[in-house]
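Asker: In order, the protein sequence lines correspond to chains C and L. Quick note, the first sequence lines up with residues 25 to 487 if you use the numbering used here. Quick note, the second sequence lines up with residues 1305 to 1647 if you use the numbering used here.
Misleading hints may appear alongside valid ones.
Chain L side only, calculated, beta carbon under 8 Å to chain C, not exhaustive [unchecked claim]:
no., residue
1, Gly1538
2, Met1539
3, Ile1540
4, Phe1574
5, Leu1576
6, Trp1579
So the derived label-pair ranges between C-beta atoms look like this [as the list claims (entries may be wrong)]:
no., chain 1, residue 1, chain 2, residue 2, range
7, L, Arg1565, C, Ala449, 22 to 30 Å
8, L, Val1362, C, Gly246, 25 to 33 Å
9, L, Gly1591, C, Ala268, 37 to 45 Å
10, L, Ala1586, C, Thr360, 35 to 43 Å
11, L, Arg1331, C, Arg290, 27 to 35 Å
12, C, Arg68, L, Gly1591, 24 to 32 Å
13, C, Arg299, L, Gly1569, 39 to 47 Å
14, L, Gly1591, C, Asp149, 26 to 34 Å
To be clear, the hints were calculated from the coordinates, so they are not data collected in a lab. What you are looking at is a predicted structure, and each value in this text was computed from that prediction instead of being measured. Every residue, glycine too, gets a C-beta built ideally from N, C-alpha and C.
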Amino acid sequence: MDAIPNDYDRRGVIVPPTLEGWAYRLRRDPARETINHAISPRARAAHWQPVTREDPLPREELLSALEDAGVAQAAGWAVVFSHDHYLTVFGGTQNCMNDEEAALRHAGWTYLHFCPVQPLPMLSDPVPAHMMRLVASLNGVRLGVVTMADVATTVTLLGRTHRNLTFIIHQLLGHAPELIAALVTACPNAQTVFWAHDLFALCPSVHLLRNDISFCGSPPIGSPACGICPSGSERPGHVTRMGAFLANTCPTVLAPSATILKVWQRHTGFTGPTRVVPPCRVEFQSEAAPFNRGRPLRVGHLGAPLFAKGWQAFESLARWHQGDPRYEFIQLGTLTLDVPNIRHIYTQVSREDRHAMVKAVIEAGVDVAINWSLCYESFSFTAMEAVAGGAFVIARKGAGNVGSLVTAVAPNRACVIETEVELQALFAEGHILELAAGADRRTGHLVPSQGTGAILLQESGDA
Amino acid sequence: MPKVHCYTSISFSYLDRARVLAETVRRHHPDWTMWLLLSDDAPPGFRFDLAEEDFDHVVNIRDLGIDDYRSWAFGHDVVELCTAVKGPMMHKLLSEGAEFVVYLDPDIAVFSPLDHVVDMLGRHSVILTPHIATPESSLAGILDNEIGSLKHGVYNLGFVAVRACTEGKRFAGWWRDRLLQFCHDDVPNGLFTDQRWCDLVPALFRDVGILHNPAYNVASWNLGNRPITIGDDGMIRAGGEVLRFFHFTKVNTAGEGMLARYSYGDTEVFELLRWYRERLSAHKADGLPDRWWIYGTYADGTTIPRSHRLTWRARWDVRNHFKDPFLSGPSGYQAWCAAEGLR
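In isolation and in its complexed conformation, chain C is listed as follows (with noise of 0.2 Å):
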């Protein structure tokens, strides 16, 4: 018999020509290679560089630009502490400060943010507020870079007398808590809003997954679970320096799901008030378009095509049914692998076009997108992106708020399932195609919430 040759594509996959439509594997082992490169947040750190190097400001010109914006008759002042340039950088932590800036700066506040020069994959060493750099925006310009000292000095000084003043801790990644919750403690008028994005509370590891592979589900400190992780050993501390923040500045904490509060809560031992804030909603279309029996299933990934975002088992799909007339593979984003029988459409979604994924998966055609995180998403802006796109959506049971959140926006229009073999299964028998076919298809838009804005007002009675 003659050998049948194999041919290897660039990242080592094995593609048989002669062979069309069979199981593909990998020379190498993706989810290996991610245990193998996993390392401490220190290690990782100790390549991150400062975003500026420019040399802080006069305490005068920060104070002089807080005047000169009248913070000290403005309705209210938000002083806003996050781990990167919100105005800069998209994503969807930095999407909800968007929004809640534009929410509040329409109704007369004063929006000041800070983020750390040195950006970082854990929280800062304990350093000296002087010693502390940050760069300063307000009401969405950047004001330049600033010692936390002269913060501390600028935000008290104007802030005793201040009647509405919030501090709204956004994510501390990069941050020294301790200066901060010194900075919350000198304004005892003030109140403060902690946001649960993620479980950085609970370990450096933000997404809490252990050795960048697993949900660890936060296990005790000191267990045998956290001395084979990287982030083990920043853990101990790590916790004790947030815990200390939270008894100090007594927020009041927000999450973008009340599936990431509970884990959060449940591991924090938090007992202060919380609020259960989603960053947006569907609105839905009241028709939807008949769905198409003519034409394969177009499958879709949504976002970047990461082994943490679930890629590997979207290729493996893909490869698998190559030359299965009943499916179609595409992938949207920014990002190609350029694998076989994936189609890749390019879409970046931006501060500009905030709508651009869903209505990619609108033109596209999408009938059915994958979220197979292996994170425990605290929201899913991908997931929403596909129940408006008019999209049946498969997640995994593992990903945090994927399941419950697709269940409750669309409930005729999704399924959560638990491995990835239940996943083949459901292409392979084709049961998918009927799921599919007898699901909910109206589109949508998405609507922003007014984040920690929203809150606010209505305290404030300014909504």
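Given chain C, work out where chain L should sit, using these hints.
Answerer: Chain L alone, transformed into the frame defined by chain C:
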């Protein structure tokens, strides 16, 4: 509670592994006395300071009372030699008054207290762990693990524990004697270092305990029937039991492939492996030449071929003639082997 003495056996090339073992034993049994048995000498310039190690004592092969130990050592490769000295060391510790002695291979890491071992030592003279404790159900499993056990020994001698009772001491004396003569990797002739010998132990000695608990001595050869899981409670389990110790055999060669074969797509075992490699890196023996072993080369630095060692241990006349087999030069054993065409 009797004092437990725990030892491992290495050449300097396995110092990183021995350090990980000692670190993990210390974590769970800080009261145990740790011994390092070295069949090696440090290379020039390499600094080994016991005060900086997790071991309490170091014993060198030359301190084991083996007659003409250099000549005897020459007849073994590094694995055979580091295995052969386990017997004399066990005997030495028991003779010197140790009540409980535990041997652990250097490529083992302890994940939680070895309570079952300590408990069993109160009732048994010798404790052994079988390579497999569940019948295999696949052809690959039968070939790799059941037939593998028939070839290489029913029990894995990465672990053995002995109580200083009459039977325990009798075992130690017998094991020492056999290993001094026949600790050879010679599977066709029924020998595989110290392991095949211990197939006889339950028959030759009384009160031998077989530790079937799946959490002890987990390795590629039994992983298929003892899947590793990591729970939300933070506990690592093997076959549903809290993992006690894992045997990272040949992790940088064939071992990882065998772990992949028997993990059936699960990834937890590779998390253990990542951690283990990280610890090896942290405990690297800085300044040690690659593949260093003082008994691995002739005096001129040439690697000693296995054929030279086999001839040495087979030919009493040759051993009688050449007093120091490691010497190079025209009248040495090395030159004789070359003249005889041994490669």
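Asker: Enumerate the violated hints, using their earlier numbering and listing them in ascending order.
Answerer: none
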